[in-house]
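Same order as they appear, the protein sequences are chains A and B.
Residue 537 is where the first sequence starts when you use this note's numbering, and the numbers rise one by one after that.
Residue 134 is where the second sequence starts when you use this note's numbering, and the numbers rise one by one after that.
These are computed hints drawn from the structure, not numbers from a lab.
Wrong hints could be hidden among the right ones.
[What the hints assert, rightly or not] Partial list, derived from the structure: chain B residues whose beta carbon lies under 8 Å from chain A: (1) G149; (2) S195; (3) L197.
[Said to hold, decoys possible] Per the computed footprint, the stretches of chain A lying under chain B, defined by three or more beta-carbons under 8 Å from a beta-carbon of chain B, are: (4) 613-624; (5) 796-802.
[Claimed, not checked] Have a look at the derived ranges for each label pair, beta carbon to beta carbon: (6) A:G795 with B:E236: 49 to 55 Å; (7) B:Q154 with A:A890: 34 to 40 Å; (8) B:A158 with A:G795: 23 to 29 Å; (9) B:L156 with A:E947: 26 to 32 Å; (10) A:A582 with B:P206: 40 to 46 Å; (11) A:K653 with B:P206: 24 to 30 Å.
By construction, the Cβ of each residue, glycine as well, lies at the ideal position given by its N, Cα and C atoms.
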Amino acid sequence: MAKAIVRGISVSTGFAIGKAVFVNRRHHAEVPRQSIAPALMDGEEARLRQAFAAVETELEAARDRIPAELSEHRHILESHLMILKDPKLCGAAARFVREVGVNAEWALEKAVAELEKAFGQLDDMYIRERLQDVRVMSDRVMARLLGTVRTELAVEGRVIIMAHDLTPADTVMLEVGKIMGFATAQGGKTSHTGIMARTLGIPALVGAGELEEAVNDGDLVIIDGVGGRVLVDPDEDELAEFNELADQFEDYQRRIYRGCQLPAETIDGYRVQVLANIELIEEVAAVLDNGGEGIGLYRTEYSYLNRTDLPGEDELADKYSDLAAIMSPRKVIFRTLDLGADKFIASFGALDEANPAMGLRAIRFCMQHPELFKTQLKAIARASAFGNVSLMFPMISGLREVRRAKAKLREAQEELRAEGKRFNPDMPVGIMIELPAAVMMASMLAEEVDFFSIGTNDLIQYSLGIDRTNAHVSYLYQPLHPAVLRSIKHVVDAAHQAGIEASLCGEVASDPFCVPILMGMQIDCISLSPQAIPGIKRIIRQARMSECKLLLRDVLACRTVGKINRLVRDTIFHKYPEELNFFASLLDNDDLGG
Amino acid sequence: MTETCARTDCEANAEGQCVRQVLVANQLGLHARPASQIAREAQAFAASITLVGQGQSVDAKSILDVLTLAAGPGSTIEIRASGDDAAMAVEKISQLFAARFGEK
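So that you can see chain A by itself, here it is in the shape it has in the complex:
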């Protein structure tokens, strides 16, 4: 048995075995207080200032190394540098050294504590959270003072990078070639670590809370990116088992990868478009490498997050146009800002909402901030001159909302025309179907738009009335619930009756258990994370439409989700026995009873 097993959230699949190397740890140790004799104060203050200067130099170097396409990271580093130079941090600490006659470490702690007090009293949640940035910076300076800093990451052999949290500043300093995996104590599904790991094609876990307690530098660890576990100091059997799994996984990936550029067509000739969900333009390479036929969901929030100002129209238009041009003639669907719920723009702060998932988010937020919305609409419209661009609005609940959003788009296009800027006036406009209201209204909504994109993550959540991040009810998160399946089918049918395309994005699209059912509904297009494309394409290529239709018929005849899950599992396992070892299915958390 391993010495310890730490659970985390898998954000990138695969297996890795290697030595743990901590890039940073939460700063735990009590800082010793030492009195400094007046004669030594100059030296102590100099030591403090040198530590600040060293971190500053390090950050400046990191900032200058950031490639232009990662400009978001530059903003974060800029604001960190600003804090580092702030008189209230370095200046205040230096003053404590002199006035109180204490060592630099204690003075720094005291300066941070004062700031914590001042910020803690603020009502504004966004500003209160800036304290995080102060802590990130003071931790770095503290590590310098205590001499616990790793100036150079002596990365030898196969290492697994561990951290309290990985910041962009940390990751740009890593030599990526030798890294086998990541694990961090903090972070969630959408954290920077996941994007980085998926791009590198290595496993990663985030939110592994006990990581820092359980793992020491140099420990041999296994990252199980399928099971979401870190095995610390594994025994020989475990090592053998995971070595074997890692080999099989590599072998399997090579095989699916080989066929990933082939069209996703069933044996009996039914073609599904397989597109990719992306968040960063850098992911385009992964989309094309993995056989993505376009971008079915470009999440546009990232340009607005992790920065203190708002991006301007030109900045966005440049970025969007680049994406459109690189992908051309392949399709790129831009989803307009889906902020709120768990993602906030720094400059607006988080709203004080009792129930943010049902609050001022997505299209509602945009309609309340017309200028912000128009800036983005103009930027997307401008990109439409450079490629095959479509636009879709998230969280639509009814006709009036679509019409108002479309009116905003027309307004944006009129402005562009007046300004003499180019755009495609026939850019397809669609909506996301995520609310049960939109499902019921589908046939009417279909008359207003050029396509539907079913966002199953939210649709399941709103249909079943469960918050999937709430551990008490997450067992009810059932993608194959009869109500969910009927909703999806209703939307696809309504789209087809109106002669428009129905596509689907959401985790369901990358679940090998769910995809054959969606195909039975004759979904036109699915959109999933780039790394999941080869596996899903392979499943589609081995399927027959006639079988998918039969499966759908049988599934719709079941009255309980338990029956559906059993039926699907038996059928799929029978058909694709070997595929499924490396997939964590959404069905895994169900009770097979009811």
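Please arrange chain B on chain A, whose structure you already have, making use of the hints.
Relative to the frame of chain A, chain B by itself:
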């Protein structure tokens, strides 16, 4: 712009500081970006510059200090500066407020 042209528009208070009242007219109030603009601008001057609002007085050269003012849209701030280039500092910082920190 010259020192004198700014001076004409600037009042002096009892302690001989240059003072001017400004309105937080941008939509977002003194959030991180405006705060960092103020601090950056203030750091370019030798004068000591404080912002006063809601009975609180903070160092304009510190982004963290300016943030803790948490001045929302519509609130009034007094800029106070003393030192050789005080008038110019007040002028430059008022301009940031007047331009709503570049927000559209």
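> Can you list which hints this structure breaks, lowest number first?
Replying inline: 1, 5 and 8
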